[in-house]
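Listed below, chain by chain, are the residues.
2 protein chains.
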Amino acid sequence: MGQRPPTPPAQPQQRPVIAVDANGADRGPREVAAGAAAAARRGARVLLFGPAAELAQAADRAPTAGPLRGGVEVVDAPVSIAKSEDPARAARSTPEASIVRAARAVAAGEAQALVCAGGTGAALAAGLFNIRRANGIYRPALALPLPVPAHTVTLIDVGAGAEARREHLVQFAFMGAALVQVMLGVRRPRVGLLSNGEEATRGSAAVVEAHAELRAIAARSGTFEFAGNIEGGQVVSGAVDLVVTDGFTGNIALKLIEGVSQTVLSAVRQRARSGPLARLGGALLLPSLGGLRQQIDPERQGGAYLLGLRRLAVIPHGRFSARGFEAAILRAERGAAEDLVGRSHAAMAAQGALRRAPVSAQAASLPEFG
Amino acid sequence: MGQRPPTPPAQPQQRPVIAVDANGADRGPREVAAGAAAAARRGARVLLFGPAAELAQAADRAPTAGPLRGGVEVVDAPVSIAKSEDPARAARSTPEASIVRAARAVAAGEAQALVCAGGTGAALAAGLFNIRRANGIYRPALALPLPVPAHTVTLIDVGAGAEARREHLVQFAFMGAALVQVMLGVRRPRVGLLSNGEEATRGSAAVVEAHAELRAIAARSGTFEFAGNIEGGQVVSGAVDLVVTDGFTGNIALKLIEGVSQTVLSAVRQRARSGPLARLGGALLLPSLGGLRQQIDPERQGGAYLLGLRRLAVIPHGRFSARGFEAAILRAERGAAEDLVGRSHAAMAAQGALRRAPVSAQAASLPEFG
Numbered sequence: 003m004g005q006r007p008p009t010p011p012a013q014p015q016q017r018p019v020i021a022v023d024a025n026g027a028d029r030g031p032r033e034v035a036a037g038a039a040a041a042a043r044r045g046a047r048v049l050l051f052g053p054a055a056e057l058a059q060a061a062d063r064a065p066t067a068g069p070l071r072g073g074v075e076v077v078d079a080p081v082s083i084a085k086s087e088d089p090a091r092a093a094r095s096t097p098e099a100s101i102v103r104a105a106r107a108v109a110a111g112e113a114q115a116l117v118c119a120g121g122t123g124a125a126l127a128a129g130l131f132n133i134r135r136a137n138g139i140y141r142p143a144l145a146l147p148l149p150v151p152a153h154t155v156t157l158i159d160v161g162a163g164a165e166a167r168r169e170h171l172v173q174f175a176f177m178g179a180a181l182v183q184v185m186l187g188v189r190r191p192r193v194g195l196l197s198n199g200e201e202a203t204r205g206s207a208a209v210v211e212a213h214a215e216l217r218a219i220a221a222r223s224g225t226f227e228f229a230g231n232i233e234g235g236q237v238v239s240g241a242v243d244l245v246v247t248d249g250f251t252g253n254i255a256l257k258l259i260e261g262v263s264q265t266v267l268s269a270v271r272q273r274a275r276s277g278p279l280a281r282l283g284g285a286l287l288l289p290s291l292g293g294l295r296q297q298i299d300p301e302r303q304g305g306a307y308l309l310g311l312r313r314l315a316v317i318p319h320g321r322f323s324a325r326g327f328e329a330a331i332l333r334a335e336r337g338a339a340e341d342l343v344g345r346s347h348a349a350m351a352a353q354g355a356l357r358r359a360p361v362s363a364q365a366a367s368l369p370e371f372g
Numbered sequence: 003m004g005q006r007p008p009t010p011p012a013q014p015q016q017r018p019v020i021a022v023d024a025n026g027a028d029r030g031p032r033e034v035a036a037g038a039a040a041a042a043r044r045g046a047r048v049l050l051f052g053p054a055a056e057l058a059q060a061a062d063r064a065p066t067a068g069p070l071r072g073g074v075e076v077v078d079a080p081v082s083i084a085k086s087e088d089p090a091r092a093a094r095s096t097p098e099a100s101i102v103r104a105a106r107a108v109a110a111g112e113a114q115a116l117v118c119a120g121g122t123g124a125a126l127a128a129g130l131f132n133i134r135r136a137n138g139i140y141r142p143a144l145a146l147p148l149p150v151p152a153h154t155v156t157l158i159d160v161g162a163g164a165e166a167r168r169e170h171l172v173q174f175a176f177m178g179a180a181l182v183q184v185m186l187g188v189r190r191p192r193v194g195l196l197s198n199g200e201e202a203t204r205g206s207a208a209v210v211e212a213h214a215e216l217r218a219i220a221a222r223s224g225t226f227e228f229a230g231n232i233e234g235g236q237v238v239s240g241a242v243d244l245v246v247t248d249g250f251t252g253n254i255a256l257k258l259i260e261g262v263s264q265t266v267l268s269a270v271r272q273r274a275r276s277g278p279l280a281r282l283g284g285a286l287l288l289p290s291l292g293g294l295r296q297q298i299d300p301e302r303q304g305g306a307y308l309l310g311l312r313r314l315a316v317i318p319h320g321r322f323s324a325r326g327f328e329a330a331i332l333r334a335e336r337g338a339a340e341d342l343v344g345r346s347h348a349a350m351a352a353q354g355a356l357r358r359a360p361v362s363a364q365a366a367s368l369p370e371f372g
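Protein chains in written order, with the working numbering: chain A, 3 to 372; chain B, 3 to 372.
Honestly, the hints are just simulated from the structure, not real lab data.
Note that the structure is a prediction, hence the values are computed from the model and not measured.
There's no promise every hint is true.
Where chains are identical, the list cannot tell them apart; a pair therefore holds if satisfied intra-copy or between any two copies.
Restricting the straight-line Cα-Cα distance to at most 20 Å, the calculated cross-link-like pairs of lysine to aspartate or glutamate (EDC-like) are [what the hints assert, rightly or not]:
no., residue 1, residue 2
1, K85, E200
2, K85, E201
3, K85, E56
4, K85, E98
Working from the sequences, and respecting the hints, build out all of it.
This is how it looks when you write it as structure tokens:
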């Protein structure tokens, strides 16, 4: 037999391309472009959709041209639906919108993940219509890693849907666990189901059913550890890595956490102005409270993650600075490179958590990236 | 015509009698008795159910004997179901339990309101089985006035039920508004419906339907002002006086508020130990933070209010001190004296918010007190 040709030397694996919608940020598209340039300086490959005239200068701060070797390629897409009253309708009826074009670039395989600061509604609609749900997924969900002191807890769903059935909550656990594994390096995330009591019988019908199923799944697989029901007080206590809930409750919980934190810190600040001694005390404590603010800084986590589509989408908050958009792009890149979507999909398939439907009714898979 | 006899001189109106279950408090029945004695010193009339041997001494600190002229009358009821695994079952199967005997005293007209520190589950079950739902009420709800800095916001339902339909949420608004009027003196409470977005279309189906009905009711009646949907962040912002939600979400929200407050204050305290300057600052600020803690002290509000029964029940937290039990008794007395139950019932009747059912299926009304 003839000798087989030697294996070609391993090519350095190409980094995934990230499609970024520059419209919608509070500080304007240039802030997003500055974030993209910063990510490109760390080797990221970005397709940046937005008003080219405005973006070119900021994006040029990237060290190399062309997305294939690391860098930012600007695609002129000046139309924005970020301020639309009805983002879902706008996403359907405005094919030239930057968010739609960015999502289509992902659907077409020109990019492997999406980053969009133009609002959750627009990103969700553009993602659903163009990137589409992954096979067997009932409903996408929005996950948010929330830095609490000395810990990060991820909430899923924080508002992609409103109500959730048992099978939705179960899929949220798988998708969120994969996110925590990839983004936070937690090998076997502790998953808690948010409820109005710790007992397995407490909660809505969907929560009680999901509790039983999650317990059974965790017992037979190593994907995650099921900590059972957790109450509101345990969300920020560090008891679990992932909190599973419906989008109605999750959205309320998220905004309560933000609101209560601000209210308490404001009250402390106000107390620190309540008299000369307190004022001096506040002044001396102030630098350390800055450190606390740093520790719970949402920009470091890149924003919210839209899970359940055929590709990952990251939704940084519109008020983020360039630093937050840079983090979002680098996180999206990591999610694509480590095949976050495929990983959670495989775990769900192994545990029978995917929706069983006629093949014809399912959206075709996108070709795998890698 | 003969002269009519002169109207007899107005009798000083008798103060209502409050039935108090002394079992279940973390610090034991004597702590409740001390609270009852303190309330009696302010003229309250208390029937105190608990272990008489243990209670007599504490209750004797009350100035006058016998409940009719202000004072504490101890009823020997040593059996406690406060630590029961299944309080609902225990309340049905333990007629000699102190909470059941206290509830029966209210049902029999010997007392006009109930105070119980023995846990929400036991109080809810004993109240439902003995005092029973008021005519036309779908489901009782638990309301909690929550002191936030410079404001008090009341949450309803914080956990009497789990899921809630449109008509439940609408009744919660009426019952909570009456509570805010009577207990906090707010003439026309601003009512917000907790949801995952401010738009009238956001939320679960029940929330969307309740939003429409509450808007219509507020437009044609002066009972409350409807502020529309509020998001989680607005719960503690002072935007509304009353937050209406289902018991699942309300319980999670309440425990999140407690947990996040504690976490943030702990983080501030920890920061205040992070270096010599911060330590000095923390020490100087400490007395003022004590004032903040005072301001958000839950004992001042007396605890949670169980609404929707034929008589008012107040559920102070088990960890309260005598001061909290005293507040609970005085609040219960005010609720009875100002006919909180009748007031919200009349408002619901006027707006067609009561359940329409065959009279035979309805529980008979208790005779009015006054």
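Quick rundown of the hints versus the structure:
In the homo-oligomer, the alpha carbons of K85 and E200 lie at most 20 Å apart only across protomers (16 Å), although the nearest pairing inside one protomer, at 41 Å, exceeds that limit. When the C-alpha separation of K85 and E201 is checked against a cutoff of 20 Å, the pair qualifies only between copies, where the shortest distance is 15 Å, while the shortest distance within a copy is 44 Å. Proximity of K85 to E56 under the C-alpha cut-off of 20 Å is restricted to the intra-copy arrangement: shortest distance 18 Å within a copy versus 67 Å between copies. In the homo-oligomer, the alpha carbons of K85 and E98 lie at most 20 Å apart inside one protomer (15 Å), although the nearest pairing across protomers, at 64 Å, exceeds that limit.
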